[in-house]
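With the hints as a guide, bring both chains together as one complex.
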Amino acid sequence: MATEKQSGLVQGTLDMLILKTLALEPMHGYGIGVRLDQISKGVFQVNAGSLFPAFRRLERDGLIKAEWRATENNRRAKYYALTPQGRARLARAAKDWETQTAAISRIMRASLGEI
Amino acid sequence: MLLRKVANGLRALLRRRETEQDLDDELRAYLETAVEQNLAAGMNLEQARRAARVALGSVEATKDAVRDVGWESLVESIWQDVRHALRGLRRSPAFAAVAILTLALGIGINTAIFSVVNGLLLRSLPVAQPERLALVSSPRAIEGGFPAGWNYNVWEQIHKRQDGFDGAIAWSVFLHRLDLAQVGERQPADGLFVSAKFFQELGVPMLAGRPFTSEEDVLGQPESRVAVISYGFWQRRFGGAADAIGQTLSINRVPITVVGIAPPAFLGPEVGRAFEIALPIAASPVILHDPAWAGPTGRSYLAVMLRLRPRQSMESGTALLQGMQRQVIQAAMPQDGQWGPLHDEMMKDQFSLTPASAGTSELRREYSASLMTMLAIAGLILLIACANIANLLLARSAAARHELSVRLALGAPRRRLIQQLLVESLVLSGFGAIAGLLLAGWGSRLLVGQLSTWFERVVLDVSIDWRVLAFTAIVSALTALLFGTIPAIRASRVAPAAAVKESLANRLSGGRLIRLRGGLVAAQVGLSLVLLITAALFIRSFGRIAALPLGFDGDRVLVVDVNTSRTALSPTNRGVFLERLADTVRTIPGVTGAGVSLNTPVNRGVTAVSEFTAVGGPELPPTERRAIVNLVTSGWFETYGMTLRSGRVIDMRDTAAGALVAVVNEEFARRFFPNREALGGSVVEALPGLEKAVPITVAGIVGNAVDQLLTDDPIPTIYRPLVQFTVPMPLTEVSLSVRAASGSPALLARDVSTALTSFDRNLAFGFNPLTDQLEAARQKERLVAWLAGSFGALALLLAAVGLHGVTSYTVERRRREIGIRMALGAQRHDVVRLAVRQTLLMTLAGIAVGVAVAAGVTRYLQALLFGITPLDPVSFIAAATLFIAVALFACYLPARRAATIDPMNALRCE
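Going line by line, the protein sequences match chains A and B. For the first sequence, the numbering used here begins at 1 and goes up steadily by one. For the second sequence, the numbering used here begins at 1 and goes up steadily by one.
Among the hints, erroneous ones may be present.
To be verified - No farther apart than 30 angstroms at their CA atoms in a straight line, the calculated lysine-lysine pairs in the DSBU-like style are these:
| id | chain 1 | residue 1 | chain 2 | residue 2 |
| --- | --- | --- | --- | --- |
| 1 | A | K78 | B | K63 |
| 2 | A | K78 | B | K197 |
| 3 | A | K95 | A | K65 |
| 4 | B | K63 | A | K20 |
| 5 | B | K63 | A | K41 |
| 6 | A | K65 | B | K63 |
| 7 | A | K95 | B | K5 |
| 8 | A | K78 | A | K20 |
| 9 | B | K5 | A | K65 |
| 10 | B | K5 | A | K20 |
| 11 | A | K41 | A | K65 |
| 12 | A | K41 | A | K78 |
| 13 | A | K20 | A | K95 |
| 14 | B | K63 | B | K5 |
Derived from the structure by calculation, the hints contain no laboratory data.
Next comes chain B alone, as it looks inside the complex (with noise of 0.2 angstroms):
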């Protein structure tokens, strides 16, 4: 049956001339012969005729009910509505460039952030079944936010036991920065640590080469000295050469061999970051040097998955998994051993198991809030535009009530007009989408390239597929309801023939109409001032964070990170080391400046944090008693231009014999010494275990720094002498920072790096301009102003595009009274206020509401906002202001061209 119609409907679009001509020969005789028996019934022939005529009914009419049985007919009538509609458009070029362009801009934004969040939640993992990954988790490391991190104990255990289920796998959780350099400046590359089967069990094909064995995941053994690399990276190392596969890479100073070369859509496990090589978990160990990562006292850095078996739910994986959780941890640190509280702590913290069809993501954790609300901010453009695009078909509309009537009163039926107007809409919005897709490939790559920084370089797929496809076509087809709608029905509400004799008296009035594009403008104006005070408050805030004092000049600072693990330095001898390290760098020509420390500020590293106690000061509760511990060599104060309040910095007469002083900052001696000269005073490290530590002299004060992030209020810091601190704990990853005389000191790399490498051969270091690094430290915030401001701008040209179509319109419709009125002897004032008035009173009802709206809304902000209330009246007078400064010139053009009117031509042209 079906088959039929569809055929039937097929033959009849491809025959419809043959088809429309036998429908015509039908009606024809069907006439005839009812005048024949007319006649024959003792009619007259002019009688016998109307009488046919009149049983016969609208010919057309009849046709288009014909015509209607079939499906191919609504195929067909959309068609040449579809043409129509693109005649309509080529005839006025400048209103389909101006809807189009609105809606490209306004679909545009919302598929790029789509399709980001496509990339970054929705997309599956490029692997076999996705759906049946489960990621091993408890619930209080999800409350924790960190829902994956096993050590290797209990990886091990879990491998072990994995038989109900259809595979297990682990892989590091962070990509570890691996140097592929033999000697001398970093080569970094993106590393991962997987287990043996994580390829095979992901069911990820290699393109070439092997994944790993079983024995090449074995702790200890030289047979894990072997990676496979990923796509990008053998283009990038290799140049996509075919004998990569045997090759020997030196990562972190290790002979790797090559055996596998992942294929190009698989980026990693984790979505956002991707890997570059991997490498077994039993490797870990030697390259990371240290064994901590996979050894008994392992680091908890593993993500733990299990593969479902077909028709295995989540819960019962999850029971089964509950079910061996008391020989896991008991396995993995007996609770008699070492492990006595953690076992304790393990067992209690139930495992669970949650669905990881689409990966794991810290990226995920951090931006999807954000991307929600960025995908609503989107939502509300292209509201906006629906709004400009309803207002200018409602301006087109009424130009065509003309037309509309006259094909009424011709018997079309009225849902076939509402049907054109539809199909008009469809048409624009559809150009709108195709425009915006392609703003949506630049947009989504722009907004991902925004969140890479120095310290992680982000990779998301953010190509389209069908699912951006179906979103856009579902939102664009949404948009074309929306904006169409309205302007449809009221458009093919004319009476049949009404409009034909319509006088000039209605077409000066319209009053509904003028009510409700209004209103249309009034709501576009206020969700556009919203957008636009929200635009102002987070520039406003991002401003007060660039406008941060940080303590310390960083224009000209250039910080080399060094990593002293291959030299042969102990805790006794290493501040002398670096003592010399400086002292070298120093020496080179352009440098004017030289000094190690354990950690520079926002470098984003590890913060050493201690408690203290001033000799004879007050005793302060434990939380106050904790200052962040900085070590460093001479130099480095003078490197950084850090403000000397009293006393003195660390210089060369620090040694390792010396007294023990430290350097604090004016915080620390507010903190540990209230009401007394901090100066020449004494503290001690107050930690258990510490009580008979030595008092260290305070021999100066410097002023407060920022250490890592930006918005945190001064925190009390103690530098101490790098000669000083022979504590036996390893002291691996030093920053060593460069000051340059002047330029760029990323030019000073170079120099720096043949002096590094003549010093020791086996320093492996490198180069982050401290400029970069404060980048990062604001990079939130910047990409929020940036977002902020690109919608707060989007909005403000979509709603001036709006006042002047509208405006325009007005003028036009009423070119005739403005005619009338010049003749009678207005001036152009009286014409410009009268073009104008009507708009900027309902844009300025539009701003008093957005001003109420933004008042009401943006105290939901406040988290984000530095520096400033969420009601900051310099921004929502400058919003504000700017706003109407815009509208009025928007206004403005179309009201000059008003006053301009040749009354002779206007009262002619009716």
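So here's chain A without its partners, still in its complex pose (with noise of 0.2 angstroms):
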């Protein structure tokens, strides 16, 4: 139920993003949903609903793989770091979403007479 809210999100596009900002550095689930809000300035808030059932589905596909270390502030939290094959899929994803953007774009911004 939690999920319906979250739309705005192209279906399979929360997957994309998540593997994008594993890909500077390790991160936890709370610092992921943040740091989606921050880049996005706070167009996606990707709230624990959507969050953790995406982690399981990443971990499941190989995509991430988790570990518990201890934070900053010196608490124990899960967390997720890229696979070669989540490297692997999100340079492949990151190509598709350009020339898919691109396209979608060229689309929209063309004028009465080309379509």
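Structural data, given as structure tokens:
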């Protein structure tokens, strides 16, 4: 039920964004959420209800792996990191995304005559 | 990828606790980090915690969503639901028992009929690559309902030209009743004549010994006196002894050596009939004492099957076969010989191949339509059962509203609730299916047992195979969906927490639910009544048949089939021989009458028919000239207790040398002697070539009697003295009828047997009480009445259970209201009326619908009914009355309980 309100995100995009966020460094769940919020300047507010199932999904597919570690505040937290497959998937997804968005924006910007 | 998913899922299932713990820890860490960050952002502790919780949302919902990621979560939740359902069923054993029993009956009857359908229609022969088998047939043969029947010559010619195929085999279409006895009473065994390579070409390996060789299927050679016996016969006759191979059997008094034993799964090429002894076709003239079986004048009794080559289609096989038809027919029956007309006919009727992977079957042709009808009726019964269970489930889910709405309020997804309710239905139908399978095993054997009669042993493999299992699984899953979906969707439609605060008023109305249930009741009642009316029609129809006047008294008659082919009889001395035989039997103590005849009533034998004209009578059209001819010795009419209308019966006065006489039945007298006295008149046989036939004097007239079919109108019949029948044609199969003074005629068998053997050692004979034959003559009608009756009774029972359930539920739901009414002074009968009114109204509506539907559909049964119309008012009224009585009773029980409700208790318990 919690996922229903998380519209605005194209289906499957959330996985890509998480992979992208993890491309820099391993992070824990809360951190990933905050980072998405920050980078998107508040456009994507991803709550726990969609984040955690996505983690589970990605982990299942072998794209990320998890590890319990201490945080900077000396708490234990589960850190996620990209696996080689995850990195490959991200590269592919980024490329696809660019091709698609470029095409879509060309169509959206097209003048009447062109259509 | 898939492998990893499976592995991950399995790991998660095995380490569920760890995974859960991990998720808990992670969510807690998330919350704590969020609180920390909020504090850092300047909130106070209270605000920080609150904001963090809001951001996290429902912890349980999140966990659910995470768990749902893998496939194993579905397995897990289903397993949970299964356990929940089992607990629920254990808590309400009465509901569980009624539901499971109802389903077991519904599913069981479907499975039982399906296993017969499977055994008869679907199962492949247990041979190698059955899909490549093709039966040689022709359009005309298929149209005639008898797709296989070639004479020996045709088979021989096809066999010679089998090069384009992977083999050709032939066998005798009918099982032959062979006699294993060396002397005296027949010891019957079912025999099959097969071509030399029959077992090899089919790919049936011998359990022991060897199959036939080509040298053993050569006409006129003593090598052909060999046999392959079936597994069943090996057990029955030799007790499974290892040394059965090489032993000699006396078959129709010819010594035959056993060379092989067939495997247990192979019952023969014809589904429904099991052979016991297989013999080479070349042995048939010797064993059946008639060269016609395999000689040049061949009878058309062989089925011919070809094995297609790999990747050879039915069409190309047919084309190949048609290409050789000209040569086959020309060689088998030359046009210039005695075959002229038949040759031309067979040239025109083109050969064709039909798929034969499931073997051939006379039984299949006879019963497949009825079986399909039965399957459809069984489907209706299952529908009634579904309506029942849906009703019970609606009642249950209404009671569980509270629980469901609380769970919705706590964040359970709606589909999760639907899943739970559907799993409950599946668990129920699963139990129903298991019990149904057990019932079906018994039911299908019972059904097959009903098909066997004295003249025909029906053996059908109705064991449960993957097809039956799949059928049952699909049927029970569909059933669960059918009865479970509506209640599940309805129940899940409660608003979250609405039921928690649901008021009494709300529970009292629930109008839609009541309408839905009312509709189910009406539909169920209607369907059940249709089945009950059908049952009443068939039972009445059978009653009419059972009450038909036979024209003879068959209760104490023992029929003895006598085969005289071993005795040295000629057309001139056989009459005297048989008269003496009857005389001898008549002297046995306990015998009050005995007579020999060509035919006996309802014996399924061949009835002799000829054409007659009355001397000085009207010229009748050819079809009306026909009459049944029976040849009898003295004492025959007395044995059957036939009514003599005038004149005399055939007795010792009639001799071969004496004047030709006959006794005719009333129908004969009416037809051939209209408006004048038949007694003393004379008739002549009016067959072409018999122009100089001697007139036969009518010496007596007897009442009409049944010949073969009980339901036939009286047929003109003429009885002639056996001694006066000296036409040079074989008369090897005759019947001796013996009348017992008292008691069961079967008890006479031993004495008669002794008498016959000492009269002539070469006589072969077998016993059949006439009552058995009469039973067999009514077999199909009895079977239909029995089945329709069982179906009707089952439908009635299910409807009664359903009505009882609905009324009980109404009473339970309105307990409080009833309590208030009683407290306010309502009388017992008011309460009863309140409890049953609605249900009875729906029942009446259902009865109206049922009668209307039945009136519309029973006309399709016309052909199966005898002596009553499809709208027989007695059947309709009886069925409806019975139904109303049962419905009243089913409603009355719970209503009476309502009347004993203690107002104080009822009011307190809300």
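- Query: Against which earlier hints does the structure fall short, listed by number upward?
  - Reply: 2
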